[in-house]
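**Student:** Given next are the chains, with one letter for each unit.
Number of protein chains: 4
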Amino acid sequence: MTRFTGIIPPLCTPFRDDFTIDVDSLRRHLDVQLDAGVHGVFVLGSSSEVAFLPDRQRRVVIETTVEHVGGRVPVLAGCIDMTTLRVAEHIRVAEEAGADALVITAPYYTRTHVAEIEQHFRLLHAQATLPIFAYDIPMAVHTKLDREMVLRLAADGVIAGIKDSSGDEAGFSALLLGRQERGLSGFAVFTGSELVVDLALQIGADGAVPGLANVDPRGYVSIWDSVRAGDLAAARREQERLLRLFDITCAAPPERMGRGSAGLGAFKAAMKMRGFIDNPVMAPPQLPLNDEELLRIKGTLTEAGLL
Amino acid sequence: MTRFTGIIPPLCTPFRDDFTIDVDSLRRHLDVQLDAGVHGVFVLGSSSEVAFLPDRQRRVVIETTVEHVGGRVPVLAGCIDMTTLRVAEHIRVAEEAGADALVITAPYYTRTHVAEIEQHFRLLHAQATLPIFAYDIPMAVHTKLDREMVLRLAADGVIAGIKDSSGDEAGFSALLLGRQERGLSGFAVFTGSELVVDLALQIGADGAVPGLANVDPRGYVSIWDSVRAGDLAAARREQERLLRLFDITCAAPPERMGRGSAGLGAFKAAMKMRGFIDNPVMAPPQLPLNDEELLRIKGTLTEAGLL
Amino acid sequence: MTRFTGIIPPLCTPFRDDFTIDVDSLRRHLDVQLDAGVHGVFVLGSSSEVAFLPDRQRRVVIETTVEHVGGRVPVLAGCIDMTTLRVAEHIRVAEEAGADALVITAPYYTRTHVAEIEQHFRLLHAQATLPIFAYDIPMAVHTKLDREMVLRLAADGVIAGIKDSSGDEAGFSALLLGRQERGLSGFAVFTGSELVVDLALQIGADGAVPGLANVDPRGYVSIWDSVRAGDLAAARREQERLLRLFDITCAAPPERMGRGSAGLGAFKAAMKMRGFIDNPVMAPPQLPLNDEELLRIKGTLTEAGLL
Amino acid sequence: MTRFTGIIPPLCTPFRDDFTIDVDSLRRHLDVQLDAGVHGVFVLGSSSEVAFLPDRQRRVVIETTVEHVGGRVPVLAGCIDMTTLRVAEHIRVAEEAGADALVITAPYYTRTHVAEIEQHFRLLHAQATLPIFAYDIPMAVHTKLDREMVLRLAADGVIAGIKDSSGDEAGFSALLLGRQERGLSGFAVFTGSELVVDLALQIGADGAVPGLANVDPRGYVSIWDSVRAGDLAAARREQERLLRLFDITCAAPPERMGRGSAGLGAFKAAMKMRGFIDNPVMAPPQLPLNDEELLRIKGTLTEAGLL
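Residue numbers (this note's numbering), protein chains in the order written: chain A, 1 to 307; chain B, 1001 to 1307; chain C, 2001 to 2307; chain D, 3001 to 3307.
Careful, some of the hints might be misleading.
[As the list claims (entries may be wrong)] Simulated coverage check for chain C against chain A, where a stretch passes if three residues somewhere in it have a Cβ under 8 Å from a Cβ of chain A:
#1 2020-2026
#2 2059-2065
#3 2195-2207
[Claimed, not checked] For lysine-lysine, the following DSS-like pairs were computed, each having C-alpha atoms within a straight-line distance of at most 27 Å:
#4 D/Lys-3298 - A/Lys-144
#5 C/Lys-2144 - D/Lys-3298
#6 D/Lys-3144 - B/Lys-1144
#7 B/Lys-1298 - B/Lys-1272
#8 B/Lys-1298 - A/Lys-144
#9 C/Lys-2298 - B/Lys-1144
#10 A/Lys-144 - C/Lys-2272
Hints in this document: simulated from the structure, not taken from any laboratory. All C-beta atoms, glycine included, are put in the ideal place defined by N, C-alpha and C.
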């Protein structure tokens, strides 16, 4: 059995106005998460604005997190870059900083073949000490990880797990079945969606990496607890409550800004409103939410009983 | 009028077996290009495997190139990264190294809005000393630059030029027309396609950035000279010859490898066969061409009179 | 409450060698489905090769089905065409033939705006007598139906239900929630996926339209019965068995034929092997499965206890 | 040499308010086109709203056109439908009505393989009497025709020509080169873009099928004449004028309607303003242009000296 299980939120990264890491807020946010009972944290994932962070800021995030968490739960670190040699540099930093696992996407910017994606993971595994999670996020890298390749890499011990943010729930179900058929019980399968966590857990997922847990970690921990206790109806009620809460990510309309900044902006605004962080600023070139949008978010949080 | 005109090849980056920069080959390749009469060089573009190069290798490429070119032609440097703060770091390096212009894409990995893309260029311009070229390459970044935004940035002096690798020739034609209508004659418009250079020049482009010029720079310089001399028929004959030569990029079939490695692998193999560089190795995780594919490339080069 | 609930298979269409409808096989297949306890049938959906059928063959399919079913279960009829006026003609035929509901996609071939898609459904509703199901199938029509538009059309009584074949399970979950919040309990929500039927039913879907039910209708009826009896574990076991059975759709590799013909070819081959139809031929230009592929399908059916 | 050469506009279809064909306007529009010197007409192409026309309206369009043209120029007829058997029905109608050639796309709605697309054309050729043009329009059918397949079908006499509306000008150039290398001089290659007609003709295209010729046929005939007379500068000036005129297709913004109705609506509005047709109405569910948008179109026409 894998030691990676449960609710592992992909943490947002609090900034100061100059876009350096607000270390105090990061620590406070980690406390909020740990107090809520999360089973791990994932730093430098897409929700962290990893794509916006210069390398030295990325390092501050991992070091601060590892030091503050102090081994209470595992720390997964995203090593997000375009290709093998660049990712290898992030791996070195994450390993030096004391992370517990590495999270790696398919190559992007370049147009690759499935054989090259497989090569990418094998070469990185050969260099890394820590276990590797494959990060399936076609929205960002414009490639869906091939299921057969994933199972092959799992069988060969190249990857220790997967975070599936592809939104392809039928494929996710087939992956779980493939894992079972091939006896790969040590291979950890996580859903990256915040919207169907109860169902994913129910059909055998080891856990979830829900971005919305930045705003409401207790909700997701409660789903986890309900599913383990066999109370699927309670899990569903909680998931539906969180689905409604997810509406905050639509406060800013698509005519006005990208879906990335609308979503992350809403998370950070809500985290600020709930006192988890001091400053909801996002890294450039993302646009800020306006007053009307913030008011709508406040209303949704209030309805959800979170303010 | 812009000082950036003519044939400005996007240079491939020669490696040693350990994927460090083969500085000797890079210098030799620069000599080949300058001897052929190119009017500038573009380093750290997509053809350079910029997406595969760690930052310190990128720095070696710019420094070597600036030093070796010695001001004979302008050196454009790609500052290719996902978002504003990360690109800003590459700008600093390029400016310190003595490049003459910066080439910058739309953000990627993240999902942005046109207003955020515009913000990206404006913020970077505010920080940069050197002129900025927008790099329109939807194949890599999955966003096409909006024409109105480009013309607005040009009118405001934010960008000094554009390299259009979008393959949208009707849009390219409309961009040239828009430039003319708004009196932006100082704004440099380059095509990034190697396949319609004669036509692009004929309708008013300031130049071309053809990847295939790594293999046959004289061919492209000859198109430039013919068009300027008004001999469109000669330009077309040469372009057709180069279109046939471009077949080398299909030597490896899509079932076997990505279109990126098939194309760059062919360029590097041909550069090695012609003696421009010592080692055709590509950065991981790209797959190498096999013997049969290399033989096919050799045949095409021979037919083209290049061996 | 909607009268449309339960397992409503999208029937494949058996042909003779000249691609006319094999009416005897169609009747036999209907008997198989009704004997298995399905709660409705959907003819002229994507699985029926509706895109391949001339209008007069479409008419034979509806008329035969309506006559043979004889009111025992509802008959839904696809009115699949590019735009409003053309769809209107199919509606007239379906209504004359005695269908119970109409199934209609977004416009395709043309590039439409969400306001035009909404207009499409409103105009067709104004002309139709029968209830309309929206058919959300971006794989075929290259547009995903907007959730707000769907709920608006449901609230206004324009559409009586939806068949969601988009594969977006988080969106499906949000649609169910939206229906509940707006008190639209008469609006029927069906999943079009065969791979997550148990989960869809569990979270509130009214039913499923699973293509694989052409091969194993009892399996899907059993999932329906288990979920209604509250035995989610039994439902999951059955769904997992059917997920394994779905492997037949991959017997022919993507290098050899389109995913459409690989999937439909497998369904029809299995239907023939199980004695439901006489002739597994597919309409042109689809390629037939070869002997090796058929053998693999036979093996999977045997393992599944269906032969 | 092919008998199909020159400017062959894809005619818009004038409607009455009840969306039946306005036969008088269609005849008047044909007169406008023939008087302008076009070398053929293409009915039932995408610009004709073929996707919106019921079959009996399609028949009226062909019959009216063939009868009114009376053999003065060739009449090409689109046989636009999803798959082989359905296209075959349109072929029968077109042949009965006396068209001179058939224009056929790749299959759509269904997901096909290149081998199935090839099969599609071969089967239709086996049934047809008239020459077949392949219609490469990925924007509508979501498949780009494979160049090798096109050349193979040309070599085997399956297709007599191609209308390339893919916007891939480098691919168009390579197709012309492939035709030349394989000695297929009888294979007619047409560009379907209205924006680079001069360049397409200059590099060897046999003609153009420009939608904008509905509004200004003389302009395109003038480009044709200039290129044949070797006056490329005059051809370019005219093309640039028409590029500016093409702005009418952006009068309605993308926030308000689909790009299809914005473009066709502009063509039809301009045709009405110029007196070519009586009624600019478009088939449902397309939205009409509003007064402000019509005013903008009027302005552009006036500037272009067309009013």
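**Student:** Next, verify each hint and record whether it holds.
**Tutor:** Consistency of the hints with the structure:
1. 2020-2026: violated (count 0)
2. 2059-2065: Not satisfied, violated; 0 residues make the cut.
3. 2195-2207: With 5 residues close enough to chain A, the hint holds.
4. D/Lys-3298 - A/Lys-144: The hint is violated at about 48 Å.
5. C/Lys-2144 - D/Lys-3298: With Cα atoms ~35 Å apart, C/Lys-2144 and D/Lys-3298 exceed 27 Å; violated.
6. D/Lys-3144 - B/Lys-1144: 19 Å, holds
7. B/Lys-1298 - B/Lys-1272: 11 Å, holds
8. B/Lys-1298 - A/Lys-144: Violated. B/Lys-1298 to A/Lys-144 sits at ~35 Å, over the 27 Å cutoff.
9. C/Lys-2298 - B/Lys-1144: Since the Cα atoms of C/Lys-2298 and B/Lys-1144 sit roughly 48 Å apart, the hinted pair is violated (cutoff 27 Å).
10. A/Lys-144 - C/Lys-2272: 34 Å, violated
In this structure, the earlier hints numbered 1, 2, 4, 5, 8, 9 and 10 are contradicted, and the remaining ones agree with it.
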